[in-house]
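Chains A and B are the protein sequences, given in the same order.
Numbering (the numbering used here) for the first sequence: 1 to 276.
Numbering (the numbering used here) for the second sequence: 1 to 323.
Don't read these hints as lab results, they were simulated from the structure.
Note that this is a predicted model, so its numbers are computed, not measured.
Under 8 Å between C-beta atoms, here's a sample of chain B residues computed to sit facing chain A:
no.	residue
1	P16
2	A17
3	L292
With the Cβ distance kept under 10 Å, some of the chain B side facing chain A (calculated, not the full set):
no.	residue
4	Y144
5	M154
6	A168
7	G277
We put the CB at the ideal spot given by N, CA and C, even for glycine.
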Amino acid sequence: MRALRAFLHNPVAVAGAVLLGAVVLMALVAPLVFPGDPLGLAGRPLQWPGANPRFWLGTDPSGRDIAAQLFHGARISLLIGGTATVIAVVIGIVFGALAGFYGGVVDTVLMRVTEAFQTLPNFLLLLVLVAVFGSDLMTVVIAIGVVAWPPVARLTRAEFLTLRERDYVAAGRMQGLSDAHLIFREVLPNALPPVIVYASVVMAVAILLESALAFLQLSDPNVPSWGNLIGLGRTVLRSEWYVSAIPGVAILLAILGVSLVGQGLNDALNPRLASR
Amino acid sequence: MKLLALAARRLAASLPALLLILIGLFLLLQLAPGDTVDALMAQMGGGDAAIAADLRRFYGLDLSVTARLGAYLWRLVTLDLGFSAIYGKPVASVILERLPATLLLMMSALFFAFSFGMALGVVAARRVNQWPDTLISTLGLIFYATPSFWFGLMAIVVFSVYLQWLPAGGFGDVAMGYTGWAAIWDTATYLVLPVLTLALIFLAIALRIMRASMLEVQGMDFVRTARAKGLSETRIVARHVLRNALLPMVTLIGLQAGTMLGGSVVVESVFTLPGLGRLAYESVVQRDLNTLLGIVFVSALLVIAVNFVVDLLYARLDPRIAG
Chain A
1 MRALRAFLHN PVAVAGAVLL GAVVLMALVA PLVFPGDPLG LAGRPLQWPG
51 ANPRFWLGTD PSGRDIAAQL FHGARISLLI GGTATVIAVV IGIVFGALAG
101 FYGGVVDTVL MRVTEAFQTL PNFLLLLVLV AVFGSDLMTV VIAIGVVAWP
151 PVARLTRAEF LTLRERDYVA AGRMQGLSDA HLIFREVLPN ALPPVIVYAS
201 VVMAVAILLE SALAFLQLSD PNVPSWGNLI GLGRTVLRSE WYVSAIPGVA
251 ILLAILGVSL VGQGLNDALN PRLASR
Chain B
1 MKLLALAARR LAASLPALLL ILIGLFLLLQ LAPGDTVDAL MAQMGGGDAA
51 IAADLRRFYG LDLSVTARLG AYLWRLVTLD LGFSAIYGKP VASVILERLP
101 ATLLLMMSAL FFAFSFGMAL GVVAARRVNQ WPDTLISTLG LIFYATPSFW
151 FGLMAIVVFS VYLQWLPAGG FGDVAMGYTG WAAIWDTATY LVLPVLTLAL
201 IFLAIALRIM RASMLEVQGM DFVRTARAKG LSETRIVARH VLRNALLPMV
251 TLIGLQAGTM LGGSVVVESV FTLPGLGRLA YESVVQRDLN TLLGIVFVSA
301 LLVIAVNFVV DLLYARLDPR IAG
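Start from the sequences, fold in the hints, and give me the full structure.
Right, here's the structure in full:
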């Protein structure tokens with residue numbers, strides 16, 4: 001409750017929540033406001049925003065409504081950002097919890113794997129995964145989750161390393177609780193707050209990775225993704241730059257919302273640092 | 001000497017990770033649909049199965065996975081990255097041709113992000129919670145949220161299409177045959193926008209870390225002592241606060257080296273720079289898996305090398321580490 005009040009009294013957090021809320025709202029009302037297929041032919045191609053009252057954000061080079069793609073794109077970005085974040089956080093927590101709780105050989109092996117993933121540039125690994133497994137939406141989401149987990153593992157491990165020495169863990173052990181119970185029911189809830197804060201960074205990274213992939217036309221071409229639209233607009237950049245400009249602003253505001261909410265959560269959960 | 005021993009130990013510790021990467025990627029690529037020969041045949045416009053079988057024997061693709069993995073790792077030890085069927089030359093020479101542009105781009109972006117991030121972070125920390133701090137922190141948040149490829153496109157629209165100050169892409173005007181300073185100036189004009197684009201997000205991260213780290217160090221006892229000694233505020237910041245506040249910044253370089261290489265894929269594609277990142281993109285599109293694997297290997301080596309330098313710098317800044 002105290003954390004919630006701190007969150008609501010923080011102008012940064014509220015601004016982030018408003019931005020993120022707007023994106024969620026766009027995603028929710030997309031099928032109501034634009035009931036048709038957002039990738040279907042809507043009218044004459046390359047109409048400037050405002051030129052035709054039917055398309056208040058104009059049309060793209062294939063004659064599709066940009067506003068419709070923007071609203072439906074919010075669903076894709078949230079879907080990808082959310083799912084990939086869950087995947088990354090789950091992998092990271094399992095790796096970090098096991099490494100931090102058991103230490104020794106388990107820790108060494110798991111941390112070597114984590115290091116291997118961190119030595120590889122994220123985006124290059126993503127390219128390799130897409131080249132091997134193809135680029136439909138589900139594959140891209142899983143691939144983003146698979147490249148984004150190492151920082152989560154390191155964070156969880158660091159928390160577990162200090163928490164496992166606490167008295168309540170020793171007490172639990174004396175009662176004969178299983179390791180699984182100790183890890184997931186006793187230690188993990190205490191290790192979770194910083195991980196949740198970090199999840200906002202993972203989500204921002206996931207949205208950026210997908211949009212970059214889509215911009216290179218290496219993501220799923222059959223979904224109305226913001227990155228896809230920017231990539232399409234590139235061909236007409238010199239004259240009709242609005243095709244690329246509009247979805248870019250949407251990505252910027254979505255990422256801004258996610259990071260501000262993350263910062264607000266951080267301030268609310270670590271009040272010691274809130275004065276900074 | 002202790003310093004070198006420490007650095008050598010760190011370098012040795014990165015070997016298992018490198019080995020894991022190579023084995024993992026090699027096995028992963030076994031799952032890829034189509035191999036080099038398929039790509040080659042497609043480029044030749046098709047051919048019969050006998051030729052394909054011959055080619056597979058020639059490239060050693062008919063052996064078992066373990067045998068090929070062993071052969072692959074052994075070739076890497078001798079720095080033989082294999083042969084690119086698409087480019088018709090050894091992968092190592094294809095990569096070497098593309099490496100300078102990427103290194104130049106990365107170094108310039110790193111230098112720009114680091115120095116401006118440091119300066120902005122210091123200014124923000126000195127004026128904490130006043131308007132310069134608010135302005136700089138807000139800018140940092142916006143830079144962090146800006147997708148680099150979009151920023152690059154918008155920069156092209158403004159500076160190349162409308163203002164016509166800078167070229168929209170490419171890497172130097174070969175046709176003009178510049179030499180000496182003219183050639184350097186020419187290359188620099190082609191690099192301004194890509195460097196800015198790549199540096200943007202790192203600038204944002206750097207200034208945020210520098211600000212937090214300055215604030216942290218400013219409150220420490222040794223700073224109060226320095227102030228009590230009557231040192232001027234500038235001297236305190238330059239000699240005492242900055243040196244300690246720099247440590248997290250140096251760590252940042254090591255952590256972000258990989259991200260920067262990944263970012264160069266996108267930036268080089270936007271500005272059609274003939275670098276490693278663009279090569280990676282092309283090899284994905286052309287299914288040139290040998291080249292892709294080679295690029296990943298070289299990138300991993302680069303990241304390890306950067307971290308090696310970071311370790312040395314770190315020990316230089318904080319003598320306690322080497323001791």
